[in-house]
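J.: Here's the letter readout for the chains.
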Amino acid sequence: MSHQLGWKVGGEQGAGIDSTGEIFAWTMHRLGYYVFAYRHFMSRIKGGHTNYKIRVADAEITHHGDDLHILVAFDQETVNVNWNELVDGGIVIADGSLKAPDDARVQFCNIPLTGLAKEAGSAIMKNMVAVGVTAAIVGLTPEHFLPVIEERFAKKGQDVVDSNLSAVRKGFAHYNEHFAGHLALPDAPESVDPNHLYISGNEAVALGALAAGCRVLAQYPITPATEVMYSLVKYLPEYGGVVIQAEDEIAAVNMALGANYAGTRSMTCTSGPGFSLMMEALGLSGMSETPLVIVDVQRSGPSTGLPTKTEQSDLYEALYGSHGEFPRIVLAPTSVQECFSYAVLAFNLAERYQCPVILASDLYMGMSKGSTDLLDTTAVSIERGKLLADADLAGVTRGEFRRYAVTDDGVSPRAIPGQKGGRFIALGNEHDELGFEMEDQTMRNLQMDKRARKLTGYTGPNGVTAVGPASSALTLVGFGSTKGVIAEAREALLAEGLQVSHVQLGVLAPFPEDALKPYVEGAGRLLVVEVNSRGQLADQLRLHLGHHEKLDSCLKYDGDPLLIADIVKRAKEVLSVGSPS
Amino acid sequence: MAVLADYKAEKPTWCPGCGDFGVLNALQRAAVDLALDPEEMVVVSGIGCSGKLSAYFGSYGLHTIHGRSLPTAQGVKMANRDLTVVAAGGDGDGFGIGLGHFIHAMRRNIDITYLVMDNHIYGLTTGQTSPTSDHGMVTKTAPKGAVEEPVHPLELALVTGCGFIAQGFSGDIAQLSQIIKRAIAHKGFSFVNIYSPCVTYNKQNTYEFYKGNVKKVEEIDGYDATNRFAVLQQVSEAHALLTGVLYEAERPTFEQSVPRFATTGLSQLEHRLDAKDYERLLADFR
Ligand SMILES: Cc1ncc(C[n+]2csc(CCOP(=O)(O)OP(=O)(O)O)c2C)c(N)n1
Ligand code: SF4
Ligand SMILES: [Mg+2]
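Respectively, the protein sequence lines represent chains A and B. Note that my numbering has the first sequence beginning at 808, numbered continuously upward. Note that my numbering has the second sequence beginning at 602, numbered continuously upward.
Honestly, the hints are just simulated from the structure, not real lab data. In this text, a Cβ means the ideal position worked out from N, Cα and C, and glycines have one as well. Wrong hints could be hidden among the right ones.
As the list claims (entries may be wrong) - Simulated DEER-style distance windows between Cβ atoms:
hint: 1; chain 1: B; residue 1: 605; chain 2: A; residue 2: 1086; range: 38 to 46 Å
hint: 2; chain 1: A; residue 1: 1209; chain 2: B; residue 2: 609; range: 33 to 41 Å
hint: 3; chain 1: A; residue 1: 1268; chain 2: B; residue 2: 683; range: 17 to 25 Å
hint: 4; chain 1: A; residue 1: 929; chain 2: B; residue 2: 837; range: 52 to 60 Å
hint: 5; chain 1: A; residue 1: 1277; chain 2: B; residue 2: 865; range: 49 to 57 Å
hint: 6; chain 1: B; residue 1: 636; chain 2: A; residue 2: 1123; range: 25 to 33 Å
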């Protein structure tokens, strides 16, 4: 990574931390920078420490960065909690008379943020004063922030816009008058890509679902998945669709299943506790061969766990949850672009294979926002698999449509209610080809094998991204949201002269054994990086590819997202480089 | 136009004399009378002897999991509002494991019809206490008699504000099919509780018992099916042994109330976005 700047604002929850972060991030994004923003928050509405970290770079980034250059602190806890993250030469913008630790590495600036805000009209504009101070430190002007301020406050009247801008100016002037330290932004891009978007994983999933033709969302609110619902509450009415706030996740998933059965693409979206409630319906989808898309924005478990913290610990559940045996597809988008494209893919695969598809992102991926130029809407296509047209059913006598016909590829042609000749019963009981419940052993085996066969012929993407040679001293392996941080860790290791490759998985089922094999066999050692405590991905590698002796894990489950240094440190331990800690 | 034979599918496997035959029969007659196209109709059932209704009725069917016929049926209706959607199940299915969905389906008021085959027992699992088993009723799981107060589905529906509440009896198919016709015709969620005797595991709530004890509301002088509080009192006083359309009121349906919900079934529409759509959608992220 070339030059970059880490900026963070922190304070008590409910004190306007988010809006400060948003104004800074949006302004940087609009200037053409690549921004990545991670929100650290707690499961309470008021009080408790919250912070918003924004990393600004001159190329696309998918991690909030280990380093902090500027810290805006509205309370003492923010100073204390985040001090160690500050680089030497960093600057702290501290409200009023907050105290600096006894540490000269950092320039500590006590600035009357609240006082200056009061002068501008109201104490709540202390965040705007901090924005002005930031502008002075990084060499921008208050006017750079004007477009975003206007956008946010125009509705409240010109007065409000003016007083906010005046607060920014006061902060700007105060810093320049009393302090001298400057920290440079990366070079501003010469031109801004027309597709330069600032978007979160959850927003991208919602857009992808809309693009895929999903017109019914049934969901029960849960952090960190609720934003998908907010987006679709906005979009679906514009396209004739509907969002149902279900009474619980059992209702939500069954509603989605019912809608898919009746021919309209539908999904539900949840996080761990809700996903657990959906297990029985997952099996109904598998058995009745009804397409179903479930988005699981994973958070820390078990049970209520750390409900506002990230984790990748639902992998076992996504792969194995629910009783009995049935085919399923598990996708784990590795970037915000994939949150969009995999949402489309999820619907296409659910219809192609007539089975449940689980799109497993996580809090870090879902709620973090980043700049990207790569969201590709031109590649969207809606593929409905073996869904029959009315004409295909023309010759079929009522009651003779073989919905569960035993086919070579295991997928049977599907009709939907309203179609003449296509009448059938979808069901969770074992059944014959017509869909009648039965217990004949031969037919039982035929139907079980037919369903299992669907994915042995899987032709969807394998989701493997590999960087670096297969024959490496060490290969880092991860899935889903960790792609960015692992990639940066690899660069750091390469910079130290170590030979490291990186393989990231975006599809967990069907497991991409063939694509992974050369990397697993070629690597000296494998370090499996995941945000859980059991090494769930490492288990999958052992199960499918063996090589137990080569595998090590880099695990994190304390609630914080992985840092680049976490991986670098563990990689060196595994390679026995440097001083083991 | 469809005739009775068109609404027949698989041959039922219920015990001879099971009340559920009467329900199937009444539903078939109602469908014929309403001239419903079997392919424009979906029966969504739960698990239980009653849940087999979807396999025996000749429309599209969805035989779901225990207690979840209502959410699934609501999903079907959302996907294609032009379909006639009937949810069906037993007393355990609807008032035990699925009770929460029942209350919320009434609140939501999606235009579907819900038939509960209430035999006061768990039939398919061979005779355990159900949430509508009478207090003191002896079953395999309550050999000394049920100690819990039963759920009162009619009263529950009345206080929840359900817009159509009826009760039928499998022993009176003519009346039941008339009730089901009105339930299907009603715009919004309609609930029909049906005394449907389990001849194998319930020796208490029998055909004879109901024949001798239920009263038709149309035979009650001055019965006012629009006065919710009066109906509530009458149902309670009669220990719910009333049949007929007990209560009906007009309420806007969910479909009518959702802003800009497509007036044609969503499953009949194309849903591709074009470059202009993306331009507009992505503007928020620039
Ligand atoms: C989740 C779940 N729990 C338990 C069962 C077992 N089970 C099947 S049907 C049933 C009760 C059936 O009673 P009711 O709904 O009254 O239907 P009936 O057979 O009397 O028509 C039970 C407990 C099941 N299938 N699924
Ligand atoms: S057990 Fe009871 S409810 Fe089930 S089929 Fe027999 S009579 Fe009907
Ligand atoms: Mg029962």
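J.: Determine for every hint whether it applies to the structure shown.
T.: Evaluated hints:
1. B/605 to A/1086: 38 to 46 Å: Since residue 605 of chain B and residue 1086 of chain A have Cβ atoms about 40 Å apart, the given range 38 to 46 Å holds.
2. A/1209 to B/609: 33 to 41 Å: Violated, at about 19 Å.
3. A/1268 to B/683: 17 to 25 Å: violated, 36 Å
4. A/929 to B/837: 52 to 60 Å: About 59 Å separates the Cβ atoms of residue 929 of chain A and residue 837 of chain B, which means 52 to 60 Å holds.
5. A/1277 to B/865: 49 to 57 Å: holds, 54 Å
6. B/636 to A/1123: 25 to 33 Å: The hinted range 25 to 33 Å is violated for residue 636 of chain B and residue 1123 of chain A, with Cβ atoms some 52 Å apart.
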